[in-house]
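Colleague: Can you build the whole structure from these sequences, using the hints too?
One-letter residues, chain by chain:
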Amino acid sequence: MALRHFGAAAAIAVTVGMTASPALAVTEIQWWHAMTGANNDVIVKLANDFNAAQSDYKVIPTYKGNYADTMNAGIAAFRAGNAPHIMQVFEVGTATMMAATGAVKPVYKLMAETGEKFDPKAYLPAITGYYSTSKGEMLSFPFNSSSTVMWVNLDELKKANVEIPKTWPEVFEAGKKLKAAGHDTCGFSGSWVTWVNLEQLSAWHNTPLSSKANGLDGFDTVLEFNGPLQVKHLENLVELQKTKVYDYAGRTNTGEGRFTSGECPIYLTSSAFFGNVKAQAKFAFTAVPMPYYPDVKGAPQNSIIGGASLWVMGGKSADEYKGVAKFLTFLSDTDRQVYIHKASGYLPITKAAYEKAKAEGFYKDQPYLETPLLELTNKEPTENSRGLRLGNMVQLRDVWSEEIEQALAGKKTAKQALDAAVERGNTMLRQFEKTAVK
Amino acid sequence: MQKQAIFQSKLLPYALVAPQLAIVLIFFYWPALQAVIQSFLLQDAFGLSSSFVWFDNYIELFKDPAYFAAIVRTFFFSFAIAISSLSFALLLAVMADKPLRGSMLYRTLLIWPYAVAPPVVGVLWIFMLHPSLGVLSRYLRGLGIDWNPLLDGNQAAALVILAAAWKQISYNFLFFLAGLQSIPKSVIEAAAIDGARPMRRFWTVIFPLLSPTIFFLLVINIVYAFFDTFGIIDTMTRGGPGTSTVTLVYKVYSDGLLGGNLGSSAAQSVILMIMVIVLTGIQFRFVERKVTY
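If you read the sequences in order, they're chains C and F. So the first sequence is residues 1 to 438, counted in the UniProt record's numbering. So the second sequence is residues 1 to 293, counted in the UniProt record's numbering.
FYI, nobody ran anything at the bench for these hints, they're computed from the structure. A portion of the hints provided could be inaccurate.
16 Å max Cα-Cα, derived EDC-like pairs, lysine to aspartate or glutamate [unchecked claim]:
#1 C/Lys434 / F/Asp56
#2 C/Lys244 / F/Asp146
#3 C/Lys244 / F/Asp152
#4 C/Lys159 / C/Glu263
Partner residues aside, some chain C positions facing chain F, computed with beta carbon under 7 Å [as the list claims (entries may be wrong)]:
#5 Phe78
#6 Gly257
#7 Asn392
#8 Val394
#9 Glu402
#10 Glu405
Quick reminder that beta carbons are idealized off the backbone N, C-alpha and C, glycines included.
Modeller: The following block contains the structure:
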């Protein structure tokens, strides 16, 4: 008897399973990302909205840790034959992803193969340039983009009777005045020391960081940032470090608290710092474009982006790709881009979304949110300001930081430090070139 | 005499030991073998292309002066961490061993840091000693010390050693306390009756009787300093300023996981493995002779 019951139950279970199967035919799309807090909410909302808008595909977002963790998790999953469909990769991982032909599906190919409507010209070129081949083929889908801006504590500047500086010499002067006015541990400072003082500095002054259009035109690129501009800039910082008019704040963004606490009234870091400033700063603030050296011809040029893009992984079925393509189209929608822009503080990636936000008067109250866009679109990007594509970028930045720290500590001159950074970096680039898939 | 009196079947002992063997093989020898294989390969991060390069990864390492600097630094860090945490823990254990009111409370308080994960230890100390956010930094600056571990390599090294040693004190304390409590009271009392003062009692009676514990802890501490301090370094200094806190195991992490240079990273792990084997061999061969069980 018991056995017959079991048989009946099993039969029912099978039938139920079969009748339920059309519902299970929803194609699941795994989306791995590195967003926390309010930005995580944006991701979840985007996925939910997409899932509610149609019934064939289901996007499942999963938080995988910080940018490096997410990328490593994706690489490990790929090696185990288990990669997600969409992976959020920070901009410095671009070369690694791009070199992995076969592991990734270029976005322009995906869109063409699935027949989705896709116009690369609809996106802001300053952003897509970073993620495109030299022929303008978009490899990954820009998602959250930011740029370097100069955050300014308006109250403290007013107290010290200092105008908002526009050029580097003005910043140095402002720092000295601020120090005299009581900011004796830090007149000005910044995060991401190599991003701000090498990568952005070079692009902003239309000076090469490395050959072959900063690596965009090939992995056989050679570093060139030990030129007069970069050496002079580092020399200036070294000199000011001695009196703490400039005070080094670490390799990553751990020093950002020095701005929100009021210690450093001038602070160069990502425009994505906006959320924290808004939440924590008890003073009037704004963000203005990066300073420049007025004696450099053509400066300021345009800035390059930070942030992350979405890479589509290789080896998935046609149906899954169809869903991924539909999701990317969904993300490109103007209203949706405006929503992402407003909710996260990251840049809108399409021209239409930017125009719409402008027309809505979004930047009237918050002009600092337009600053990174104005920087990115300041001039038509050149070979030196389209973007960067260097292999092993995370590690490269650590090596460069090591050398800059030695200069700031007075152990090496600025020139010696940058020469060493170039030499050590080149060794790593050759190593990367050897392993990159041809 | 019959030697196999316990097991009737010849297979049973093998069957009983098999699970343990399987665990050792799968979780220790298999990864170690993988590391050795990987160290001969040049491979991209995704594992799409790989070529066999013989000893190239090792040769590259030995050509790199930074690698030798990291070796020297690692030994210095390990001994500094081991010596400071061992001596401090011994001091605390000797004091906590005395019949005190509320000694259980002291002991418990002294043990808890062991339960803290290394990265948390790093964050904890950074909060106290960060040049601009740190609470203690303010006092240091008040004393006229230019405290800035973000740029001063020696200060950063001291910070890492301090945090790493602090975390290990609890573990050492636990073992020292147990060791001290297992020393027969009669021996110490006899020495006291013979007129030996506390210091003399400690160095001639207690310390030698404690030597097996000290030796065991020395091995454990050096292995800890070699391998487990990585989380502390990553959260506190990320190897900087300059390369002043890059130890061998941190280099394995940054080259392999951050840099995607798996071949070099694997070669480094193999060298590290050999180094620890040799070190442990030396300890057991030479230091153990001085140990009285």
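Colleague: Provide an ascending list of the numbers of those earlier hints which the structure does not satisfy.
Modeller: The structure breaks none of the hints.
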